[in-house]
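Student: Sequence:
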Amino acid sequence: MNIGLKIKALRNERGYTLKQVADAAGISVSFVSEIERGKRNPGLDNLHNIARALGVSSDFILAGTNSINQVGDKREFDKQFPNVVKILRRDGKKITPEKERLIARIIETAIEDE
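Residue numbering for the sequence shown follows my numbering, starting at 12 and increasing by one per position.
For the record, the hints were derived by calculation from the structure and aren't laboratory data.
All clues given are correct.
Okay, derived cross-link-like pairs now, SDA-like style, lysine to any residue, Cα gap no bigger than 20 Å in a straight line:
1. K17 - D70
2. K17 - L55
3. K110 - P93
Working from the sequences, and respecting the hints, build out all of it.
Tutor: Below, the structure written as structure tokens:
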């Protein structure tokens, strides 16, 4: 699967619009659309920003490898972030999958900046 198709599949799987991904990645809607259709290729910076917007790593888009930011279900999130889960759920609160992806992105960003 090429990069554009992978990005489109991830976007659709998550229920995001082109505009949501473009806004989160800091690029234009038309550019994301052209990438998805195979008309253009993103540079590394844009690929990284698109990946972050989709909640995965650039590696995952390029090669399908797992990353800290690829949270698929509650069990996976629980395995990757047991201490975070313990803190967040200590009062019996539930975490939505969308919030799990956001938390995973925050953690990945913090790790990358070190």
